[in-house]
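A.B. asks: Sequence:
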Amino acid sequence: MGDAARPLRGRRAGPSSRQPRAIRPVSADGGADLARRIAEQFGKGPVHEVKTVVYRRPPHDMLGADGYSLVSNYFLRRVLPYCLMHNIISKLQAAVLSNMIGRQKKGRIEATHAEIAAELGVKRTSIGHALDALCEKNLVRKVKRSSYQLNPRVAYNGNGQEQHDFLAELRALALDSKFPDELAPELSLFPRSEVG
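Counting in my numbering, the sequence shown runs from -7 upward without gaps.
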C-alpha cells in the first residue's frame, strides 16, 4: 500500500479536544508587561528576563560655553606646525583660522572683519589680507560679505552625516579652486596617501 493510501495514525477525527486559551485582561500595571504575559500564555513555560545595561559616556568638558569643533589631526600635526615654522602661514593667518574654527556653526561662519579683529586685538584692515590668504589656500571660502565657509575636511563642528551633507553640497558647486578637496600646493607638503 502506498503512503497516500495508508490511514493517518494518531489523528482524531472531528473538532480538536484542546480548548483555546483565553487572553487575560491587562492588569493594573497598564500593560507594561503585556509582551511577557502573552509569551507565557502561549509559550511553553516562563519567559526569562534579559536585562540590558546602557552605558552613556559623559559629555566632553570643554573650556568655555561654545562647545568644540572636530579638527583634522593630520592638519594639526603635520600641516599647520610645518607651515608656521616655515612662514607658509603667518601668525595672523593662523590666529584668524583658529578664530573661525572656534566660531563656526556646522562649517559656516558669519563674522565681520571688525568682530574678528576685536577678538584678536589687531586692526580691522589686517583681517582682510589674512582672510584673502586663507581663501587662496582653500582653508576658507568667502561666500559673500561677512559670510564664509570653513573647509570641512580641516575642521567641522557637527556629526559625520552633517559633514557628509555639507561636503556634498560644496562638491556639487564644482569650484575651480577644488575647494574643499584640495588645499593650496604649498600646504600639500606630504604624500597624497597621508592626506586621504
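Warning: the hint list may mix true and false statements.
Keeping only pairs whose Cα atoms sit at most 30 Å apart, straight-line, the calculated DSSO-like set for lysine-lysine is [said to hold, decoys possible]:
hint	residue 1	residue 2
1	K170	K98
2	K98	K83
3	K115	K136
4	K98	K136
5	K97	K115
6	K97	K83
7	K170	K134
8	K97	K170
9	K115	K83
The hints are simulated quantities; they were obtained by calculation from the structure and are not laboratory data.
A.B. asks: Taking each numbered hint in turn, which are not upheld by the structure, reported in ascending numerical order?
C.D. replies: none
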